[in-house]
Amino acid sequence: MRHGKEKSVNRLYLLLVVFALFIAAPAFAGSMADREVLPNGMVLLHSERSALPIVRVVLAIKAGSITEPPEKAGLANLTADLLTEGTAKRSSQDISDAIEFVGGELTTSGGDDYITVTLSVLKKDVAMGFDLLSDIVLNSAFSDDEIQRKKALIKSTIIQQKDEPGVVAAKAFMKAVFGDHPYGRPTEGTEESVDKITRQDIIDFYKTYYAPNYAIMSVVGDLSKDELRTLLDKYFKGWAGRSVDEKPLPEIRPAEGPKVIKIDKDLTQANIILGHVGIKRENPDYYAVSVMNYILGGGGFASRLMDNIRDNKGLSYDVHSSFSASKLAGSFQAGLQTKNSTAGTAIGEVLKEMDRMRSGPVTDKELSDAKAYLTGSLPLRVDSNRKIAGFLINVEYYNLGLDFLDKYKGFIEAVTKDDVQRVAKEYLDTKNYVLVVVGNLRQMSLNY
Amino acid sequence: MLTLCLLLAMVISPLAADAAKVQEYLLDNGLKILIVEDHKAPTATFQIWYRVGSVDEKIGKTGLSHLLEHMMFKGTSKYGPKTFSQNIQRAGGMDNAFTTREYTAYFELLASDRMDLPIEMEADRMRNLILTPEAVLSERDVVMEERRMRYEDDPQNLVHEEVLAAAFKDHPYRWPVIGWMSDLKTLDPDNLIAHYRTYYAPNNAVAVVVGDVDPKKTVARVKETFGAIPRGPAIKESHPREDPQYGEKRIFVKKEAELPYILTVYKVPDIKDKDGFALDVLAGILSGGKSSRLYKSLVYEKQIALSAWASYEGLCRDPFLFYAGATAVRGKTIEEVEHALLEEIEKIKLSAPAEREVQKAKNQIEASFIMEQDSIYMQARTIGTFEMIGGWQLIDQYLDGIRKVTPEDVRRVAEKYLVAGGRTTGILVPVDKGKI
Chain A
497 MRHGKEKSVN
507 RLYLLLVVFA
517 LFIAAPAFAG
527 SMADREVLPN
537 GMVLLHSERS
547 ALPIVRVVLA
557 IKAGSITEPP
567 EKAGLANLTA
577 DLLTEGTAKR
587 SSQDISDAIE
597 FVGGELTTSG
607 GDDYITVTLS
617 VLKKDVAMGF
627 DLLSDIVLNS
637 AFSDDEIQRK
647 KALIKSTIIQ
657 QKDEPGVVAA
667 KAFMKAVFGD
677 HPYGRPTEGT
687 EESVDKITRQ
697 DIIDFYKTYY
707 APNYAIMSVV
717 GDLSKDELRT
727 LLDKYFKGWA
737 GRSVDEKPLP
747 EIRPAEGPKV
757 IKIDKDLTQA
767 NIILGHVGIK
777 RENPDYYAVS
787 VMNYILGGGG
797 FASRLMDNIR
807 DNKGLSYDVH
817 SSFSASKLAG
827 SFQAGLQTKN
837 STAGTAIGEV
847 LKEMDRMRSG
857 PVTDKELSDA
867 KAYLTGSLPL
877 RVDSNRKIAG
887 FLINVEYYNL
897 GLDFLDKYKG
907 FIEAVTKDDV
917 QRVAKEYLDT
927 KNYVLVVVGN
937 LRQMSLNY
Chain B
66 MLTLCLLLAM
76 VISPLAADAA
86 KVQEYLLDNG
96 LKILIVEDHK
106 APTATFQIWY
116 RVGSVDEKIG
126 KTGLSHLLEH
136 MMFKGTSKYG
146 PKTFSQNIQR
156 AGGMDNAFTT
166 REYTAYFELL
176 ASDRMDLPIE
186 MEADRMRNLI
196 LTPEAVLSER
206 DVVMEERRMR
216 YEDDPQNLVH
226 EEVLAAAFKD
236 HPYRWPVIGW
246 MSDLKTLDPD
256 NLIAHYRTYY
266 APNNAVAVVV
276 GDVDPKKTVA
286 RVKETFGAIP
296 RGPAIKESHP
306 REDPQYGEKR
316 IFVKKEAELP
326 YILTVYKVPD
336 IKDKDGFALD
346 VLAGILSGGK
356 SSRLYKSLVY
366 EKQIALSAWA
376 SYEGLCRDPF
386 LFYAGATAVR
396 GKTIEEVEHA
406 LLEEIEKIKL
416 SAPAEREVQK
426 AKNQIEASFI
436 MEQDSIYMQA
446 RTIGTFEMIG
456 GWQLIDQYLD
466 GIRKVTPEDV
476 RRVAEKYLVA
486 GGRTTGILVP
496 VDKGKI
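Protein chains in written order, with my numbering: chain A, 497 to 944; chain B, 66 to 501.
A portion of the hints provided could be inaccurate.
Computed cross-link-like contacts, EDC-like style, restricted to lysine to aspartate or glutamate with a CA-CA straight-line distance of at most 16 Å [unchecked claim]:
1) Lys355(B) with Glu642(A)
2) Lys320(B) with Asp760(A)
3) Lys250(B) with Glu217(B)
4) Lys761(A) with Glu321(B)
5) Lys319(B) with Asp762(A)
6) Lys320(B) with Asp807(A)
7) Lys427(B) with Asp593(A)
8) Lys361(B) with Asp760(A)
9) Lys823(A) with Asp762(A)
10) Lys761(A) with Glu217(B)
11) Lys481(B) with Asp340(B)
12) Lys123(B) with Asp255(B)
13) Lys105(B) with Glu687(A)
14) Lys671(A) with Asp762(A)
15) Lys126(B) with Glu217(B)
16) Lys320(B) with Glu544(A)
17) Lys355(B) with Asp593(A)
18) Lys367(B) with Glu403(B)
19) Lys743(A) with Glu544(A)
20) Lys361(B) with Glu567(A)
21) Lys355(B) with Asp691(A)
22) Lys658(A) with Asp255(B)
23) Lys320(B) with Asp497(B)
24) Lys139(B) with Asp718(A)
25) Lys647(A) with Glu431(B)
26) Lys139(B) with Asp803(A)
27) Lys861(A) with Asp807(A)
28) Lys658(A) with Glu321(B)
29) Lys105(B) with Asp760(A)
30) Lys281(B) with Glu102(B)
31) Lys147(B) with Asp593(A)
32) Lys86(B) with Asp497(B)
33) Lys282(B) with Asp497(B)
34) Lys147(B) with Asp803(A)
35) Lys658(A) with Asp700(A)
36) Lys367(B) with Glu642(A)
37) Lys619(A) with Glu431(B)
38) Lys367(B) with Asp641(A)
39) Lys481(B) with Glu321(B)
These aren't lab readings, by the way, just hints derived from the structure by calculation.
As the structure is a computational prediction, the values presented were derived from the model and not from experiment.
This is chain A alone, in the form it adopts within the complex:
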């Protein structure tokens, strides 16, 4: 039975997702997984959990869009997408039929820092699953026919995204904030850049970056260490490490003075994003920023933006703020949708709340509530195989350490009111920001 989306209407679908990405975790006594670096350089993270007869594998390869040439934007994503579309011995249909026949999942996903391949199968099908997984990663064929199909589909998806105001706004925002840096371009590329990608580009990219020493594998579920070793020996033995020349990336130049981008579309609502460059994940202020943003707009109904703009003024259904902190850079953004005629008012309120964070201390209650949520919700972040498998990849990629769950609590507890105000002053900018507004511009009165 499939649940169509028209059937239910959530009160707030974005509630607290802001934090789901990078913080996580808890209540594992000791280490939550075994870590080892295999002779070929791949980092293996294994957590045996046998309550259910299922196994989930996430293979992350540092072959995201940051490694592709700018004029070939979309190359990394296209390469990842083609993995499931045929190998030396299996056709695209062979692969999908094999995994779907057993009710499993074998999917790929592009990204800026890394791409992922995810396998999810019942325990009884785990050997078949590893066979498929290794085949698509090690022996992908990249036939001309499949490349043409996939390019056409990706281009259609890019066209369709123009009907999604939130996506239109987000793309314009990232471009304005990050400029020439790879984080400024969409991972799927543009219609024009996808057209320029050749089969040779794909093969060169694949040969360069799809190496075990650029990979992290997390395996979670009903699989013992011995069983895992046997599977890896059988299916991943031939995967040899190699060196890659890493190219320097362009510097990010933060915006100076408000930069306003208005995009006219026949919509009833203005889709608004206001923000700027944020922080990297490794920034020691990450935890103080987490607390500060929870109070500003990350904490759902406990946040100031939601209280002011939704609860008190009824201007918006979804209003939130987030710091997305990646390896090389990060962004801060506040986002909302409101009817065209109230766009100006809502933007003014966002700036007012940012300013309030900067100019005065948060209350004792705000601080203790934020800390209580951030630390108290740790058990929820890793209460399923799916969540643990994703969490382990993040822990490894960002060098957080397998004892991160224990450390995180201390990092959050240590944040003071002064810290919150200090990071608000340092990382929220009410003058040099990027503002993107997508909507019916004639119905708006904007002073921006």
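Go by the hints and put chain B onto chain A.
Frame of chain A, contents of chain B only:
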């Protein structure tokens, strides 16, 4: 819309394997409690499901159930305004709610040693909500923004809404859960308050608990809190009928959009009918992944669609719909896409699918049962859904029914229900800006 396809492509299904583990309790005031112990992690979910949704509304007053769901977070005299989510979050938890045609559910997820809080607070807001006209109208504005976001500014969703409004002429399935914009504009807060007083009572609700809990202690706690609420007047469950359809209906939505889109629906029985299982397997054969018929034909071979899917919507109290839909790629007409979509449907009426195809659809349903148990939230959601449409015990019958489906059953239900006379088709016609 990618999200639509993803949602519909997932074979979300019940966990028959778990049905046997459900423990059922009934309080004197009529509140039913369903508990599943799951000690995989130190977390739990508490959910309270009310038997009220948009089918309980009237023409001109649509959207009340969903707006009331929003109002449930506004506060009681005991806890004060706006504190519900704040209290749950302070305990490290997450909360939310959703409204459907037939039920409204509220849920919390927390560390399992903190479950007293949601139980106490849910009991409190079942009867003690503060509902002032001003607060209702302010939240009504929020819902209008939600509606703009989900429908007015989302062309494919608009098609969906228009198709339902055309497919049903007398059953309340015809109006959207979120309500029509004109009804929201003219909403009378008194009607919302009456809606709350009528439907929010222990005898019209079911508590579902899944996670690392001790059932005895949980029941005792629910008794202490909800047990004090008196039973409300009995609510008659209505089963409106839909009069026959006398031929295909077609609607068009003209909006600024990039790609044409088609949604075609057929009237079908719900999952409590013996044909429901075969309809579900049929949907799997047409739409269960990249090896399924619609993807293979429209997306992969003919390359005329960006996405193509089908879905049997049978988890309802009354007979509802079988959906098929597709988004055209640029340069292809919606006529070509519709032709190819219908061709696949006609094909399966003429000859029964291969044994392997049927087995694949069954395996997908069975595997998803097991995988779903990775999430306590999904387990509780499935139990709640089945309970709302006819009883959680249906979960076992469901899996049993799926296993017995034969290739000929699939062909037969396609022939019986996927007929032009019972079809409603909606088409999104993209128009250039300013030319509408």
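So, going through the hints one by one against the coordinates:
1. Taking the CA atoms of Lys355(B) and Glu642(A), the gap is about 14 Å. The hint holds against a cut of 16 Å.
2. Between the alpha carbons of Lys320(B) and Asp760(A) the distance comes to roughly 15 Å, so the proposed pair stays at or under 16 Å and holds.
3. Between the alpha carbons of Lys250(B) and Glu217(B) the distance comes to roughly 15 Å, so the proposed pair stays at or under 16 Å and holds.
4. Proposed proximity of Lys761(A) and Glu321(B) is supported: the alpha carbons are some 8 Å apart, at most 16 Å.
5. Taken as a hint, the Lys319(B) and Asp762(A) pair is honoured in the structure, with Cα atoms around 12 Å apart against an allowance of 16 Å.
6. Pair hint Lys320(B) plus Asp807(A) does not hold up; C-alpha atoms about 31 Å apart against a cutoff of 16 Å.
7. Straight-line distance between C-alpha atoms of Lys427(B) and Asp593(A) comes to about 14 Å, which keeps the hinted pair within the 16 Å bound.
8. With a C-alpha separation of about 37 Å, the suggested pairing of Lys361(B) with Asp760(A) is violated against the 16 Å cut-off.
9. A hinted pair counts as satisfied when its Cα atoms are at most 16 Å apart, and Lys823(A) with Asp762(A) does not qualify at roughly 37 Å.
10. Proposed proximity of Lys761(A) and Glu217(B) is supported: the alpha carbons are some 13 Å apart, at most 16 Å.
11. A hinted pair counts as satisfied when its Cα atoms are at most 16 Å apart, and Lys481(B) with Asp340(B) qualifies at roughly 10 Å.
12. Straight-line distance between C-alpha atoms of Lys123(B) and Asp255(B) comes to about 14 Å, which keeps the hinted pair within the 16 Å bound.
13. Note on Lys105(B) and Glu687(A): the hinted pairing is violated, with a Cα-Cα distance of about 46 Å set against a maximum of 16 Å.
14. Between Lys671(A) and Asp762(A), the direct Cα distance comes to roughly 23 Å. Violation of the 16 Å bound is thereby established for this hinted pair.
15. With a C-alpha separation of about 19 Å, the suggested pair Lys126(B) and Glu217(B) falls outside the 16 Å cut-off, and the hint is violated.
16. Of the supplied pair hints, the one linking Lys320(B) and Glu544(A) is violated, its CA atoms being roughly 52 Å apart against a limit of 16 Å.
17. With a C-alpha separation of about 8 Å, the suggested pair Lys355(B) and Asp593(A) falls inside the 16 Å cut-off, and the hint holds.
18. Taken as a hint, the Lys367(B) and Glu403(B) pair is honoured in the structure, with Cα atoms around 13 Å apart against an allowance of 16 Å.
19. Restraint check: the Cα-Cα separation between Lys743(A) and Glu544(A) comes to about 38 Å, which exceeds 16 Å; the hinted pair is violated.
20. Pair hint Lys361(B) plus Glu567(A) does not hold up; C-alpha atoms about 32 Å apart against a cutoff of 16 Å.
21. For the hint pairing Lys355(B) with Asp691(A), the CA-to-CA distance comes to about 24 Å; that exceeds 16 Å, so the pair is violated.
22. Between Lys658(A) and Asp255(B) the alpha-carbon distance is near 41 Å, which puts this suggested pair outside the 16 Å criterion.
23. At roughly 8 Å between alpha-carbon atoms, Lys320(B) and Asp497(B) fall within 16 Å of each other, so this suggested pair holds.
24. Pair hint Lys139(B) plus Asp718(A) does not hold up; C-alpha atoms about 44 Å apart against a cutoff of 16 Å.
25. A C-alpha spacing of about 34 Å is found between Lys647(A) and Glu431(B), which places the hinted pair above 16 Å, so the restraint is violated.
26. Proposed proximity of Lys139(B) and Asp803(A) is supported: the alpha carbons are some 11 Å apart, at most 16 Å.
27. This hinted pair does not check out: Lys861(A) and Asp807(A) have alpha carbons roughly 19 Å apart, beyond 16 Å.
28. With a C-alpha separation of about 10 Å, the suggested pairing of Lys658(A) with Glu321(B) holds against the 16 Å cut-off.
29. With a C-alpha separation of about 50 Å, the suggested pair Lys105(B) and Asp760(A) falls outside the 16 Å cut-off, and the hint is violated.
30. At most 16 Å may separate the alpha-carbon atoms for a hinted pair to count; Lys281(B) and Glu102(B) meet this at roughly 11 Å.
31. As the CA atoms of Lys147(B) and Asp593(A) are separated by approximately 50 Å, the hinted pair breaks the 16 Å bound.
32. At roughly 56 Å between alpha-carbon atoms, Lys86(B) and Asp497(B) are farther apart than 16 Å, so this suggested pair is violated.
33. Under the criterion of a C-alpha separation no larger than 16 Å, the hint pairing Lys282(B) with Asp497(B) is inconsistent with the structure, at around 62 Å.
34. In summary, the hint linking Lys147(B) to Asp803(A) is supported, as the alpha carbons are separated by about 9 Å, within the 16 Å threshold.
35. In summary, the hint linking Lys658(A) to Asp700(A) is not supported, as the alpha carbons are separated by about 31 Å, beyond the 16 Å threshold.
36. Under the criterion of a C-alpha separation no larger than 16 Å, the hint pairing Lys367(B) with Glu642(A) is consistent with the structure, at around 13 Å.
37. The hinted pair formed by Lys619(A) and Glu431(B) meets the criterion: a straight-line CA distance of about 13 Å does not exceed 16 Å.
38. Restraint check for Lys367(B) and Asp641(A): the C-alpha separation of about 13 Å stays at or below 16 Å, so the hint holds.
39. With a C-alpha separation of about 37 Å, the suggested pair Lys481(B) and Glu321(B) falls outside the 16 Å cut-off, and the hint is violated.
Violated hints for the displayed structure, listed by number in ascending order: 6, 8, 9, 13, 14, 15, 16, 19, 20, 21, 22, 24, 25, 27, 29, 31, 32, 33, 35, 39.
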